[in-house]
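Here is how the chains run, residue by residue.
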Amino acid sequence: MDKPVLEVNHLKKYFKTPAGQLHAVDDVSFAIEKGHTLGVVGESGCGKTTLGRTILRLIEPTSGEIYFNGEDITKLKKDNMKAIRRKMQLIFQDPYASLNPRMSVSEIIKEPMIVNKMCSSKKELDEKVKELMELVGLAPRLVNTYPHEMDGGRRQRVGIARALATNPEFIVCDEPVSALDVSIQAQILNLMMDLQEKKQLSYLFITHDLSVVKHISTEIAVMYLGQCVEKAPTEELFAHPRHPYTKALLSAIPVIDISQRGKKPELLTGEVNSPVNPVSYCRFYSRCKYACDKCKEHSYELKEISPGHFSACHMNFTGEIE
Amino acid sequence: MSRRNAKEETQIKSRSQMASIWMRLKKNKMAMAGLFMLLAMILIAVFAGIIADYDTEAIQQNMPERMQTPSAKHWFGTDNFGRDVFARIIHGSRISLSMSIIAMAIAVAIGAVIGAIAGYYGGKTDNILMRFMDILLAIPPMLMSISIVAALGQSMVNLLIALAIAYIPVFARVIRSSILSIKDQEFIEAAKSCGSSNGRIIFKHIIPNAIGPIIVQATLAMGATILIIASLSFMGLGVKPPSPEWGTMLYEGRDFLKGAPYLVLFPGGAITLAVISLNLLGDGLRDALDPRLRN
Numbered sequence: 001m002d003k004p005v006l007e008v009n010h011l012k013k014y015f016k017t018p019a020g021q022l023h024a025v026d027d028v029s030f031a032i033e034k035g036h037t038l039g040v041v042g043e044s045g046c047g048k049t050t051l052g053r054t055i056l057r058l059i060e061p062t063s064g065e066i067y068f069n070g071e072d073i074t075k076l077k078k079d080n081m082k083a084i085r086r087k088m089q090l091i092f093q094d095p096y097a098s099l100n101p102r103m104s105v106s107e108i109i110k111e112p113m114i115v116n117k118m119c120s121s122k123k124e125l126d127e128k129v130k131e132l133m134e135l136v137g138l139a140p141r142l143v144n145t146y147p148h149e150m151d152g153g154r155r156q157r158v159g160i161a162r163a164l165a166t167n168p169e170f171i172v173c174d175e176p177v178s179a180l181d182v183s184i185q186a187q188i189l190n191l192m193m194d195l196q197e198k199k200q201l202s203y204l205f206i207t208h209d210l211s212v213v214k215h216i217s218t219e220i221a222v223m224y225l226g227q228c229v230e231k232a233p234t235e236e237l238f239a240h241p242r243h244p245y246t247k248a249l250l251s252a253i254p255v256i257d258i259s260q261r262g263k264k265p266e267l268l269t270g271e272v273n274s275p276v277n278p279v280s281y282c283r284f285y286s287r288c289k290y291a292c293d294k295c296k297e298h299s300y301e302l303k304e305i306s307p308g309h310f311s312a313c314h315m316n317f318t319g320e321i322e
Numbered sequence: 001m002s003r004r005n006a007k008e009e010t011q012i013k014s015r016s017q018m019a020s021i022w023m024r025l026k027k028n029k030m031a032m033a034g035l036f037m038l039l040a041m042i043l044i045a046v047f048a049g050i051i052a053d054y055d056t057e058a059i060q061q062n063m064p065e066r067m068q069t070p071s072a073k074h075w076f077g078t079d080n081f082g083r084d085v086f087a088r089i090i091h092g093s094r095i096s097l098s099m100s101i102i103a104m105a106i107a108v109a110i111g112a113v114i115g116a117i118a119g120y121y122g123g124k125t126d127n128i129l130m131r132f133m134d135i136l137l138a139i140p141p142m143l144m145s146i147s148i149v150a151a152l153g154q155s156m157v158n159l160l161i162a163l164a165i166a167y168i169p170v171f172a173r174v175i176r177s178s179i180l181s182i183k184d185q186e187f188i189e190a191a192k193s194c195g196s197s198n199g200r201i202i203f204k205h206i207i208p209n210a211i212g213p214i215i216v217q218a219t220l221a222m223g224a225t226i227l228i229i230a231s232l233s234f235m236g237l238g239v240k241p242p243s244p245e246w247g248t249m250l251y252e253g254r255d256f257l258k259g260a261p262y263l264v265l266f267p268g269g270a271i272t273l274a275v276i277s278l279n280l281l282g283d284g285l286r287d288a289l290d291p292r293l294r295n
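Going line by line, the protein sequences match chains E and L.
Heads up: the first sequence begins at 1 in the numbering used here, then just goes up one per residue.
Heads up: the second sequence begins at 1 in the numbering used here, then just goes up one per residue.
Bound conformation, chain E alone (with noise of 0.2 Å):
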C-alpha cells in the first residue's frame, strides 16, 4: 500500500452559535492515496462541504490534524501554507458563482499561476493557458470570452482548468457536477476520471448523488450529522450497506426493474436532528427503525466490521443487522 496522499485523523469543526456548539464536523478520520479517489455522500447539512473547506484551511479545524504527504499542515504558518495551497486544489458547485463575472476565461485561469508567480513571463502564461484549456476540452475561441456567455458545463471546465494551473496533486471536488443536467454531468465526470489517471490525482469527492459516486470513488464515505458511519470501498458498500443509514440511503436509489415493482424502499421517518449540541450516543438513534435501548449505552466509534469495511453501528459488531 503507498503511502497516502492525504491522511484526516479525528478532525473536528465546531461553530459558535447562539444556541450552542454546531458540530459541523465531528471526528472524521480518513486517508486517501494518490490516484484514488474517496466519494463523500450525506444528506444536506451534514458537513460534507465544510470538511472539505477545513481539509484546505479555508475554514480553520477546531481540532484533529491533516497530513498532506506526511506532514501535518493544521499547524503550518501563513506562508508555508501558500505553498501547500498549490498542491491541494477545490472545485466548487456553482460553476455560476465561482467564476468572477468581471475577469476573462484567461484571466481566470491565469490567477492561480500569477498569485504562485509559476511563469517567468507574459508568453509563457498564455501557453500554460493554452495548454490548460486544450487538456480541459475548452476551444481556444473561448479564450477571451466571460463566464455569463457561457453555458454551464463549459463553466465547469474553466473552473477545472483553474484547479489544475498550479498542477495539484490533490483536489477537493464539492459536488461539481450537482449545478448541471445530465448528458453534461456525464461529460464532467470523465473528463475529471482521464484528468486523474493522466495526473494522478486525488480526489475527495463530495455528493450527494450516489450514482456519481459509484461512478467515480474508489471508496466512499457515508456522513450523517458530522460524522463517518459508514466507510467502505465502493464495491463492498454498495453490494453490503451495514449501517442502517446506509441501508436506507441505498434503497431509495430508483430501480429500473419491473420485478422490484411492488417493493417498498427502506424510507427515512422524521427530520434531521439539529446539529447544535447533538447526543452523546448514535445521532440517528431518532430515525433508526433498529434502535435499541443498548444504543444509548454507546458513544461514537467506526469500527472495522470487515477488511477494508467500517461501521458506526454497534448492532453491527454484535451481529443484530447484518
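Hints are computed from structural coordinates only; laboratory data are not their basis.
Nothing false has been slipped in among the hints.
Here are the computed lysine-lysine pairs in the PhoX-like style, where the Cα-Cα straight-line distance is at most 25 Å:
{"no.": "1", "chain 1": "L", "residue 1": "204", "chain 2": "E", "residue 2": "128"}
{"no.": "2", "chain 1": "E", "residue 1": "87", "chain 2": "L", "residue 2": "192"}
{"no.": "3", "chain 1": "E", "residue 1": "77", "chain 2": "L", "residue 2": "192"}
{"no.": "4", "chain 1": "E", "residue 1": "198", "chain 2": "E", "residue 2": "3"}
Computed beta-carbon distance windows for the label pairs:
{"no.": "5", "chain 1": "E", "residue 1": "208", "chain 2": "L", "residue 2": "198", "range": "26 to 34 Å"}
{"no.": "6", "chain 1": "E", "residue 1": "128", "chain 2": "L", "residue 2": "134", "range": "47 to 55 Å"}
{"no.": "7", "chain 1": "E", "residue 1": "194", "chain 2": "L", "residue 2": "199", "range": "33 to 41 Å"}
{"no.": "8", "chain 1": "L", "residue 1": "208", "chain 2": "E", "residue 2": "123", "range": "21 to 29 Å"}
{"no.": "9", "chain 1": "E", "residue 1": "148", "chain 2": "L", "residue 2": "140", "range": "38 to 46 Å"}
{"no.": "10", "chain 1": "E", "residue 1": "123", "chain 2": "L", "residue 2": "140", "range": "53 to 61 Å"}
{"no.": "11", "chain 1": "L", "residue 1": "177", "chain 2": "E", "residue 2": "181", "range": "33 to 41 Å"}
{"no.": "12", "chain 1": "E", "residue 1": "72", "chain 2": "L", "residue 2": "151", "range": "54 to 62 Å"}
{"no.": "13", "chain 1": "L", "residue 1": "121", "chain 2": "E", "residue 2": "12", "range": "24 to 32 Å"}
{"no.": "14", "chain 1": "L", "residue 1": "22", "chain 2": "E", "residue 2": "200", "range": "45 to 53 Å"}
{"no.": "15", "chain 1": "L", "residue 1": "198", "chain 2": "E", "residue 2": "107", "range": "18 to 26 Å"}
{"no.": "16", "chain 1": "L", "residue 1": "155", "chain 2": "E", "residue 2": "151", "range": "57 to 65 Å"}
{"no.": "17", "chain 1": "E", "residue 1": "72", "chain 2": "L", "residue 2": "140", "range": "55 to 63 Å"}
No residue lacks a Cβ here, since even glycine has one placed at the ideal position from N, Cα and C.
Based on the hints, put chain L in the right spot on chain E.
Okay, now just chain L, sitting in the frame of chain E:
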C-alpha cells in the same frame, strides 16, 4: 492568421460587460440627454477661457454697460457692475463642476477604503468604522458642510474638505454593502484557495464587481454637491465674490429681482441644468447596471 485572430478577439471583446452596459444606456433617451448636457457643460467649462475672457469680461467692472437686458452683445445681459452674465456663468461652471468632481473623487477614494476594510474584515473593525460613519451620517450633508466651513473658515479648499467629509460616510456605506454581498461568493473563496492575498482579492475581485453602485451614487451625489456649493455661496459661506459662482450670482442678483429677473434666472437655470443632467445620467446608469435587466 494573426490578423484573423485579432479580428476574432475584438469581436469577442466587444461583447464584454462594459459594452453591454453602454448598449443599455444608449437605449435610455433621458439618460443620453443627461449625458449630452453634461458633456456640453464640461466642454464649455474646459474652453471657457476661449469663449469669454475671464479678467476682462467676467471679473472687471464695466460701469457704462451696467444692468443691460439680454442682447446680441450680452446674451444673458449684464449685472449691476456691468459684467457679462453669460461670461460669468460659463466661468462659474468651471468652479461648480471641478469642485464637485474633486470632492466626489476624494469622498469615493476615502469612502471606498473605509467601506472595503469594514466590509471585508467584518467583526470589530467593521463595527468601529461604521459606527464612526454613522455619527457623520447623522448630520445632513448640507448642515455638515455649513458647520465645517464655519469652523475652518471660508475658502475653496475648506469647502472641498467639507463636501468630501460630508459624503465619505455615504460612499463607505454603499461600498461596504456591496462588498458584503460579494465577499461570500465562491469566486472569492476560489481566489483564497489558490493563495491570493487580501489586497489582491479586494482590488482584483471585489472592487471591480462593486464599482457599479459606486458610479451611480457618485453621479447622483455630484448633482447634490453642485447644489450645496451654490447654496453655501448664496449664504456667503462658499466661494467669495467677485468669483463668478452660480450661488454667489444668485445672491447678488436677488436685490434686482423685480427689475432684472434675468440676473437670477440664468444662474438658476445653469444650476438646474447641471443637477438635472447629473440626476438623469445617474438614474440611467443605475438602470443600465441593474443585473435584473441584463439580457
